[in-house]
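Q: Given only the sequences and the hints, what does the whole structure look like? Please build it.
Below are the chains, spelled out letter by letter.
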Amino acid sequence: MGLDVALWRAVAVYRALALVYAATLITMNSGGYARPLGGWAVLAVMTAWTAWATYAFASPRRRGRPLLAADLAVASGCLLATVCVESTEGIAAGRPTLPGAWVAAAVLSWAVTGGTRLGLTAAAVLGAGDVLIHVLAGTVDGLGNRTFNGIVLLLMAGLVVGHVVKLAREAEERLARAVEMEAATRERERLARRIHDSVLQVLAMVKRRGGELGGEAAELGRLAGEQEAALRALIGASPPAPAAEPAGAQTDLRPLLTAHSGEAVTVSTPATPVLLAAHAAREIEAAVAAALDNVRRHGGDGARAWVLVEDGDEEITVSVRDDGPGIPEGRLERAAAEGRLGVAQSIRGRVRDLGGTVSIVTAPGEGTEIEMTVPRAPRGRGRP
Amino acid sequence: MSDVPPDAPAAASSAGPSGAPRPLRVMVVDDHPMWRDAVARDLAEAGHEVVATAGEGRAAVRIAAAARPDVAVVDLQLPDISGVEVTRRLTAADPPARVLVLSASGEQQDVLEAVKAGATGYLLKSAGREEFLDAVRRTGEGDAVFTPGLAGLVLGEYRRLASAAGRADDGAPRLTERETEVLRLVAKGLTYKQIAQRLVLSHRTVQNHVQNTLSKLQLHNRVELVRYAIEKGLDRDD
Chain V
62 MGLDVALWRA VAVYRALALV YAATLITMNS GGYARPLGGW AVLAVMTAWT
112 AWATYAFASP RRRGRPLLAA DLAVASGCLL ATVCVESTEG IAAGRPTLPG
162 AWVAAAVLSW AVTGGTRLGL TAAAVLGAGD VLIHVLAGTV DGLGNRTFNG
212 IVLLLMAGLV VGHVVKLARE AEERLARAVE MEAATRERER LARRIHDSVL
262 QVLAMVKRRG GELGGEAAEL GRLAGEQEAA LRALIGASPP APAAEPAGAQ
312 TDLRPLLTAH SGEAVTVSTP ATPVLLAAHA AREIEAAVAA ALDNVRRHGG
362 DGARAWVLVE DGDEEITVSV RDDGPGIPEG RLERAAAEGR LGVAQSIRGR
412 VRDLGGTVSI VTAPGEGTEI EMTVPRAPRG RGRP
Chain W
26 MSDVPPDAPA AASSAGPSGA PRPLRVMVVD DHPMWRDAVA RDLAEAGHEV
76 VATAGEGRAA VRIAAAARPD VAVVDLQLPD ISGVEVTRRL TAADPPARVL
126 VLSASGEQQD VLEAVKAGAT GYLLKSAGRE EFLDAVRRTG EGDAVFTPGL
176 AGLVLGEYRR LASAAGRADD GAPRLTERET EVLRLVAKGL TYKQIAQRLV
226 LSHRTVQNHV QNTLSKLQLH NRVELVRYAI EKGLDRDD
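In order, the protein sequences belong to chains V and W.
To get this note's numbering, take the position in the first sequence, counting from 1, and add 61.
To get this note's numbering, take the position in the second sequence, counting from 1, and add 25.
Keep in mind that the hints were calculated from the coordinates and are not lab data.
Note that CB positions come from ideal geometry on N, CA and C, so glycine has one too.
Possibly wrong hints are sitting among the right ones.
As the list claims (entries may be wrong) - Here are the simulated DMTMM-like cross-link-like pairs (lysine to aspartate or glutamate), alpha carbons at most 20 Å apart as the crow flies:
1) W:K218 with V:E430
2) W:K218 with V:D65
3) W:K241 with W:D168
4) W:K241 with W:D135
5) V:K227 with V:D65
6) W:K241 with W:E166
As the list claims (entries may be wrong) - If you only want the chain V side, here are some residues facing chain W, beta carbon under 7 Å, derived:
7) Q262
8) K268
9) G272
10) G286
11) Q288
12) S329
13) P334
14) H340
15) D372
A: And the structure:
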């Protein structure tokens, strides 16, 4: 809205100034015209059209093809009228055409509407008109630098204005997108606040009271607690990063991992984003998911797990600890020997591919602790 | 619940030789009436004296000056000023109140700010009643009440300070190796008792290490605030 209004206003100003210039030229040259009255008539047409065009182009509804076609037609007509009004000598001597620079307004309006292509088209039509004047007056020999100069200027005006308008439109679009995204983020924050103020409070309360009442109420409380944790993880996650991140495809590891938190899983992270290549972040998440899945399957009822994310200067460390029964000695090795891809193997494989290391500490009855350390910038091994 | 106090099983050992916990003067700051009442009721049933309740931050600070609570249980999201600001004012008051942050969502940055502003404990609202009462009691005794989540945040904050500082001697607080070790174990869900066993330390020593990590952060924060204020003041004199 803002950009279009400004552009059309600029075209209107140009049209008016060019009209004043054309009037001055016609007044000065009318003595040498073959038909001076015709010169005044063309000036009257130009004045009327300037007034109408200024009014009509201001409204988006009228700014259609018919108006554009009419604009170019009027400009061409006024241009060609030069043949009837100007004396042959005048044309041969390269005196300015009747409308002069005023015709460029049509080039501008075409360029503003359709960019470089339409701008050049309009300029070509008017340039052909310039040549046609000399053909009709039989002064083709007099086609001089001045005429060519005029044609080149028209073409350049169409080219440059069309291009700049396209750039301005793109910038306006980008701004609109940015504003939209900010609105989305704000809306998300508003939702998070509302959820915090209402749903989360009630769910936490149901869980608390249910646990105290025991029996069936405790089961309801447990369910409420699960939903509370899931919702908390959801609104705590940061919004998706903007598509055009300057630092490349870096992802915050935290929301990926906090999504796994729940009744039996605690995820602890720094307060600031833990940035990592998107691929590496996904692999770590998969490794953590495998470890947590293993806790669920082998940890027995009531086994709990803790995930800790640490952000070092050189490397990122993710630990998964559980208080389950631990892995009996030799089981990992047996699983590998039998060709089964044990959870440890799958975790080791993923982390090794990222150039990192894994340590697994376990003992019967003492739970299992898996610590994965990956370098911040992967030591490149031809990964995409 | 996804955060439990690491010390729940060890609670009895720090209740004091008499066994009966000392009744505390407690204030409850929460804009949710349902929670305010439930928390106040639980505290009263446990023998504590609920000296005041408030639903707004400014009112809380005003009332606290007269009610002089030992412990303030503060929700982070309040309608007027933030729970962080309330924490700052309550812990700076004379006499200072100890602040236990009780929050419904893990607003991470807010929790960290509250701790830097002087809160000595943090608990999620979904924690059970016993856990909550234990946390209030320990806060009243001056212990730091950590969840694994808070330990993760504090570890991250020290790392951030260290890498932002770059230079070796700029006053940014550092963790000793032992403190880092202890905090990492807290973040991995070990109780103080388990940590004491694993590192062959006394329960008290583990507690002191944890508390030191908080004190250093709070001291640094105060120094930074003063430095900031002086800079502002000098600017105005120019």
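Q: Does each hint hold? Answer for all of them.
A: To see whether the hints hold, each was checked on the structure:
1. W:K218 with V:E430: With a Cα-Cα distance of about 18 Å, the restraint between W:K218 and V:E430 holds, given a limit of 20 Å.
2. W:K218 with V:D65: Not satisfied, since the Cα-Cα distance of roughly 71 Å exceeds 20 Å.
3. W:K241 with W:D168: Since the Cα atoms of W:K241 and W:D168 sit roughly 15 Å apart, the hinted pair holds (cutoff 20 Å).
4. W:K241 with W:D135: holds, 18 Å
5. V:K227 with V:D65: holds, 12 Å
6. W:K241 with W:E166: Cα-Cα ~19 Å, so holds.
7. Q262: Holds - the Cβ of V:Q262 comes within 7 Å of chain W, reaching about 5 Å at its closest.
8. K268: holds, 5 Å
9. G272: holds, 5 Å
10. G286: holds, 6 Å
11. Q288: violated, 11 Å
12. S329: holds, 3 Å
13. P334: Not OK, violated: V:P334 not within 7 Å of chain W, min 10 Å.
14. H340: Result: violated, 23 Å to nearest chain W Cβ.
15. D372: holds, 6 Å
Going down the numbered hints, you'll see the structure goes against 2, 11, 13, 14, while the others check out.
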